[in-house]
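Q: Chain by chain, the residues:
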Amino acid sequence: MDTIKTQQVTFKVFRFNEETDYLPYYNTYVLDVTHEEVVLDILNRIKWDHDGSLSYRRSCRHGICGVCAIKANGKGILACKTRLFDLVETFGNEITIEPLSTKRAIKDLIIDKKDFWDKHAQVKPYLVSDIEEHPEQEHLVSPHDAEKLLEADYCIQCGACHYSCPALAVNEEYIGPAAFAAAYRFSADVRDDASIERLHIVNEEAQGVWDCVKCMECAQVCPKEVNPIEKITKLHNMVFEAGIAKDNVATRHAVGFAHSIAKHGLLDEGELVRYSEGNIGVLKHVPVAMKMFAKGKIVLPWNMPKADKLDEIKKLIKSSSTVKF
Amino acid sequence: MEKLKYALFTGCTAKESTPEQMMSTLAVANKLGIELVELTEASCCGASHLQDYDDFLSLVLNARNIAYAEKHGLTMVTICNTCQLNTAMTKHRLDHNAELKTKVNEKLAEVGLEYKGTSQITHFLYAIIDDFGLDKIKEMVVKPLSQFNIAPFYGCHNIRPSELQNETHKNPENPYMPTSLDDLIIACGGVNVNYEEKNKCCGFHAELQAPRTAAVLTGNAVAGAMDANADWMVTPCPLCHLKLDTQTHHASVAIGREVSLPVLHMQQMVGLALGCTPDELGLKHHVTKVNFI
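Protein sequences appear in the order of chains Z and R. Under this note's numbering, think of the first position of the first sequence as 1, with each following residue one higher. Under this note's numbering, think of the first position of the second sequence as 1001, with each following residue one higher.
Just so you know, these hints were derived from the structure itself, not from any lab. Values in this document were obtained by computation on a predicted structure and should not be read as measured data.
Lysine-lysine pairs mimicking BS3-like chemistry, simulated, CA-CA at most 27 Å apart: (1) Lys1289(R) / Lys284(Z); (2) Lys103(Z) / Lys81(Z); (3) Lys318(Z) / Lys1103(R); (4) Lys1284(R) / Lys306(Z); (5) Lys315(Z) / Lys1015(R); (6) Lys1071(R) / Lys306(Z); (7) Lys295(Z) / Lys1284(R); (8) Lys148(Z) / Lys1101(R).
Isolated chain R, as found in the complex (with noise of 0.2 Å):
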């Protein structure tokens, strides 16, 4: 097989508050000989809430993100769902509205740029499970995950809505009944739990307004994977990331009941399989102490 290479859109965690991320991703990628180039010159994607107060800059920045990509003649590659949906959702709606397109190129002009629509945008859990390939997962796992219990949360923005799926993966999954991560929990040799909120929101984008309602959901995320015998949960988002493993006090006062799991990031799960090391992976800058290795 050709090697995979992919233009990476880091997004804005991986550089601040989920270095392990970043760590756990560049770790998995070299054992499995993708090769990422990074858009250094990445913009933030305004993470649903830029579009909130003024979408047409939005659109404007994320097509520059995109053409990056395009200029290194790759596929996007996103390590974040919310940096997936927007830079998704800006390529959907600028390749279906050519008036669109032209006046957001009016502005990339100015600096040199142009949206083209050329590259395809994926976020790393379907590069690995779409182009890589889970059987070859599977084959060069050394330590099978065989004694854990592991929940998948699969995060709202790489699932909903099934129209981006549709158009951005081979297998496009089904929202109410998702499997990409669980087939992968399986590769990686674990046990993979089912549990009503796998697909359901972590609450992090209402945190700072709706603190009640994004400590209540990301308590009954919690605990449905404790419910269902879960050992740790895993999450391709970072942003659930940070709201399932820093929020849980917050969550249990909410709910009014102690919970409280370790939680991964999907690309530290499979480096764990692949034998990557606890230091390689960051798993010491957890809140949520990851205290099972």
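The shape of chain Z in the complex, shown without the other chains (with noise of 0.2 Å):
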């Protein structure tokens, strides 16, 4: 039989509560774990043997229901499915656990998720079709194309990812990850009819799918492996095959790139800054410019580099380009 091992671990567990506290403070609990617990079977022992008031979300055990998705040590996890050895590994016998959002606690881990499930509301995440209410045969989705919506359909909106988006710790307009991969998932399924509409919603700008800063930790942080920033890349290629890129800053930003390639191989920094911005809008950055200048940071364009094999590169842009704008 193997032998159970155990460790001490200290835990910081954040505690607040809406009706009572001004401001959170942390309670500090020290256990021996063993390597078979999960945090949710922490913060089970915390509840039941020391503090019955600490209030978290829980229903599944099972990483089904996404309801238990908490922060350990900033990062975002499933309480249920998360081992205490691994986090031990990466972080250290100290765990400082917390909710999704510490601005949007309730009652100590439980969040308002109220803004996560306006954003999903937002894309109408739900098939749109007109349907047979007597079908003669099944409505059939071929393999391929159900294949195109597996990852997308196996977020279970816990959150994670929406909670640990920097856009949208700042922008608050901003959809976000889950939201998206919501869109995608509901705009790529062949059954539905309202795709371009939710198209022009991921498509506007502050709100939509350009304000992504691409830092991948909606990819890294995802429980399920729904990858949400694939899902917002795709959502970018199906605004561009669908011709409704508006003429704006962040589509020409996109475009711009492969217009420098075609001319020098290379992305011509200067040039892509003007093409995005327009010839109003770049003024702006010329005393930002003008300082990088002088510390002969711009290369002016009758010296820009080249790639060698400039011809290759062209030609390749012309066989393999798949969308025009």
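Both chains are given apart, each in its own frame, so use the hints to dock them into the complex.
A: Here's what the structure looks like:
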């Protein structure tokens, strides 16, 4: 029989009661944990053995309901799926347990997820389709079409990516990775009729996919491997493919790379900014550009370096391009 | 030890807005006796934006770059986190999807090239740590940076997603607790500073589309390093460098607090410790003055 390994771990647990506390505080518990225990076991032990008032959400205990998502040392996790020993291996034996968003805490680890659900609702996260009430046969989806939805369909709406997204932390209008994954999930469904409508929603500046900072944290933190940023890239692609990309700084910034590479093989940094911002918009970058120029950080157009074998690159751009803007 | 040799994918900034990054890369490689064969045929990696417009085109161009490294029979070394991500991600996708690889190779065949998947892709930071070895760097330090508190700024695209880390590196690091740059600071004799933003985003990729978001993230990063008593920051990514070095005015306005710290490229830090001169390392090319040398 395997022996049970134990080690002592110090837990700093976030405590806050919206109704009685002015500021949050942390309680410390020192527990011996076994290699079999997950974070939810520890929360249960604290509640049952030490402080019955500790509040947190739990339900399925199987990593499928998503309600027990919290943060351990800043990392978004499902409490029921994350082994303590793995956390200790990463962070050492002092573990700080916090809600997904300390700003939105109601009681201890329980948060108000209204903003999360509002963003979801914004992208119409359901199939929009005229369905015959008495169909003669099943509406079949081919395995190939179904495969496109698989990863996005695994989302359990736990909020781990939503509350780890740095773009959302700054810009409240931003729809965010979880809702974008849902927008992709339904827009990529062959049975859906609202794809274009959804793409218009995610194509808006400030709220849409263009505000993604590309930090990859949503892909990293997701406990179900939904890979939201990949879906965000797909939404970008779908916006261009559907021909509804607006002519604005964000779209020109993406397209500008293709123009620049076709001309030099490399990116012409100065020209990309001019092309993206337009001749007037670019003026706001002049003060920084002058400072950079003084330090030898700006290559003038006539000195722009070119990649060797540029003809190959030009040829490939011609033959491999799949969209037009 | 056999002499280390890599195919160098410089990326675009090394040729344009961060000349000091190119200078310091070559200076450090020279000191360590690492041979770098520059891939002069390489195109821009698309910087995670071309793929938003045309994903397939970006795959073809990145596969072409890798094909040139394969022609040399060398591991490709990158000096930009975003080049690393886009190139390693292309390799990952082609190596795991035979149908996609065939499609890409059909295009590459038009210019007489083939992507085989034989070259590894690694960032210079990890080439130094994994292949050269921290202990050997430690032995070679002639000017230990012991008087400095140095804040490591890792840059997203080297550490996330960890799937690529695991495929690429001998000692994959945990994106929630990265250590490579801290270890390198210590090897150079410096004191590594711990702060919350060290593995967070600098905002670079949204600078034009979402200027306020980008500026706040830059501000938070520099403020975090300042509050941890850092004398300067160090990063392996030229894009993070551009953001942290040149955009502090916007960042200060965005977070309502004056923030500014000298920021060194990882190569410049190693170069200083190895005894390279400030001129060799291009320290005069910084917007935020490197005032401690």
